[in-house]
Amino acid sequence: MMKKLIELHVNGEVHSLAVKPNDTLLDALRNHLGLVGTKEGCSVGECGACTVLLNRRPALSCLTLALDAVGMEITTIEGVSQGEALDPIQQAFVDYGAVQCGFCTPGMILTAKELLEVQKHPSVDEIKHALSGNFCRCTGYTKIVEAIEAVSTERRVKS
Amino acid sequence: MRRLMNEYHVIGKRLPRIDAKEKVKGQAHYTDDLKLPGMLCGMILRSPFAHARILKIDASRALKVPGVKAVITGEDTVKVKYGVISRSPKFVDEYPLAVDRIRFIGEEVAAVAATDPDAALEAIELVQVEYEALPAVFDPELALQPGAPQIHDHAPGNISREFHLKQGDVEKGFFQSDFVREDTFTTQSAIHAYLEPHAALAAWDMTGRLTLYTSTQTPYYVQQHLALTLGINPDRVRVIKPCVGGGFGGKSDGMAALDFCAALLSRKTGKPVKIVYSRDEEFTAARRKHPVTITMKTGVRKDGTLVARQSKALLDGGAYCSLGPLTTILVGTFQTLPYRIPHFQYDGYRIYTNKPPCGAMRGHGGPQVHFAQDVQMDMIAEELGIDPVEMALRNGLRTGERSAAGFSIISSGFAECVRRVAEETKFGEQRSSQKANRSRAYGIGLGCGGFPSGAGFYFTNTTSAHSSVIIKAGEGGGVSVLTGASDIGQGSDSIICQIVAEVLGLPLENIRITSADTAMTPPDMGTYSSRVTVAAGNAALKAARAAREDIFRVVAKKMEANPADFVAANRKIFVKGNPEAFIPFEEAINLYQTENDGAPLVVKGSYNSPDKMSPTYSFGAYVAEVEVDLRTGEVQVIKMTAGHDCGQPLNPMSVEGQVEGCIVMGMGYALSENLSFEGGQTLNPSFLGYRAPAANQSPEIVIHHVIGRDPEGPFGAKETGEGSLDPTTPAIANAIYNAVGVRIKDLPITPEKILRELKKKGKS
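Each protein sequence line maps, in turn, to chains X and Z.
Residue 1 is where the first sequence starts when you use the numbering used here, and the numbers rise one by one after that.
Residue 1001 is where the second sequence starts when you use the numbering used here, and the numbers rise one by one after that.
In short, the hints are calculated from the structure, not lab data.
C-beta atoms are modelled at their ideal positions from N, C-alpha and C, and glycine is treated no differently.
Be aware that a few hints might be false.
[Claimed, not checked] Label pairs and their calculated CB-CB ranges:
| # | chain 1 | residue 1 | chain 2 | residue 2 | range |
| --- | --- | --- | --- | --- | --- |
| 1 | X | Glu117 | Z | Lys1035 | 29 to 39 Å |
| 2 | Z | Leu1063 | X | Met2 | 17 to 27 Å |
| 3 | Z | Pro1037 | X | Glu117 | 37 to 47 Å |
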């Protein structure tokens, strides 16, 4: 298959890469750009581990062709924090014990980030609904929901 | 209780995990994130037949695909079988690549390595295999019939394992009972559904040594089994466990076929080879939980006191042993927790069928039997007109007792767990109040459990201790911990660091840990049987105490005091009762080196379970509150209230994470999760088809820590990662009965089953 040369805008940087027409955005991020923070859990759009933001909206990078992401603003987990400082959602995931094996974590954080951008103070049910496309097998979701709720209400960490 | 927790600086605190920061930044590396120069992509060809003889394999067309570097089949192997329980030859029944016969759809037949996944996939499809189909059998009952297809030559009648246990005299017990009932319960085929698929990356060096990065719970077993099946000495094999994205028992089989295939393909091509399972492969060919049919006959006195239990279990084992021989035992012995049963008899049979092999899954036999046991307890309580809470309290094992299977209970907070959840949920009141309208009914139910905190022996023959830890302190006062224990997401690295930090009086961030690298770290059985906190934790505690003793000795000499008069806290070594007299930790390490000709401070600690069953046991009692939609039969779990006794929680936040994860997994087991089969073919090999719970199904969870100090566990801690699963499923089943008055004894309790039973009930 002939490769195509494309440019992708990822985390504020422009990358040139040669992709096959059937390469997914997930392939491009993980295998071409070395951004392995985005995880592959099922490759058929069911688990949400590969969630990235496309033009600030959550998207499943395993179901998105790299060619279709050209011209879009792509945010991966590597682009969420500013330097050393964690994003408040990342910090809350750390502080509230919302991370266990960590494989769903990048996708969860990106989904949560968009949720809190479009809806400042979601209810617990709204948070759960927003996360229902991101599968987690370790946490039972409880502490993930707590962490997101804490950010939305600016609640302080339990000591 | 509160005072107990305040004795410590690091232990008992809600501290974030040491690896949480790198995980939220996407910087934690799992096996599939690793790349080596020249690395090839491996893929496995799987059998489309449930039972067949392999007559011929022709890989010539596959090898012509551009980019394909090698194809391997059973003929390229040393044809040695493996099995995780390698102490018993009867349980060593599987080739890592099929040699002459395949026994389930999805069994590994050949593997290819190519420069890219497209070429590998194309090649896989071009490997031509000639099969001779054989009659297959999928139902364990049918597999036992005379004339049934025989799956293994060494197992006539398809019996993979039988286990019999007798304590007291059940016939006498039933005679002494006022009330006896017998029920049959069935459980479904469930699977771990960890988020990270299996992955392995193999590379050989110029000296003929293999390094394998793999997604495993048991790197030391992988080392043993890989060496065996490759025909090399274990010292040639280094297994490294990078971050693992969950296991729940599904990565504890000693070795997965992809570990072997990656290693052999790498040896053949001279290049690193990585293989990652697809989600489809995970759901169709990886290990799963045993479906079990349990017949349980229980006799009690009028007041609800258990007198006798006789049970028989039939385990659908699938095509190979995996950890199933042990499951066969545990389905029996776990029935003797958390209750006292004076007369007990168990007969368990694991049957080979032409389906993917069943092994260990979180709770390992416990979820199956605790569903049966506690649903039957609820039925008995109802028939005797006793509150289930009272019945649980009457029968619960207490400290100092021994269960019918011989589990020695050295600490039990069971009664307190039951009392707490009953009180918090107003159990008696809620249970007797009828809260239903025309469309929804509310119900409440209790489930109980107990679980071993550790295993008593290795599955392999070895002289290694169950867990060992090495501590090294040096330049700048830095402390390094080396442990063979495998953190698979449960947080053992953090807990081990907490233990060392506490003993040495250091903050958590001063401890660096290297874990699960067979060339660097000391041996450890691995992450299973809920053993890591107690075993590796105790090894860490011993090593840390040894380091502290060495430090106190040199400090005492310098300060001309008695070593027994020192304490380590706040990065300092103090004289007891005199906060002004101290030496900073870093200086104490320098002092040690000066006193020892510059040699670093290196100490070790090891731990072996003092009991061949388990060092100690956790307990729990959970209350489920549900709402059942009377029109659709759909169940919503509104709230779970958990009372659990894991001794002293070393990190309550981590403990809660285990309990919450168990509850949602137990809820999926109760209500929806199920692998369906037809002719040995898995019909729903996907997350959506399998129906594990999503966030919007997760209930409110309230956790009560019943804190005690276990005499054996480090700082009094016991397990929490598996036992927390067991009470959930029966609690939900009992709550459904309380809501709508129908008993479903066949998991999962789907809306269809509820509506069917409601309809039957309406007619009668």
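The hints, checked one at a time:
no.: 1; hint: X:Glu117 / Z:Lys1035: 29 to 39 Å; result: holds, 34 Å
no.: 2; hint: Z:Leu1063 / X:Met2: 17 to 27 Å; result: holds, 25 Å
no.: 3; hint: Z:Pro1037 / X:Glu117: 37 to 47 Å; result: holds, 41 Å
Every hint from the earlier list agrees with this structure, and none is contradicted.
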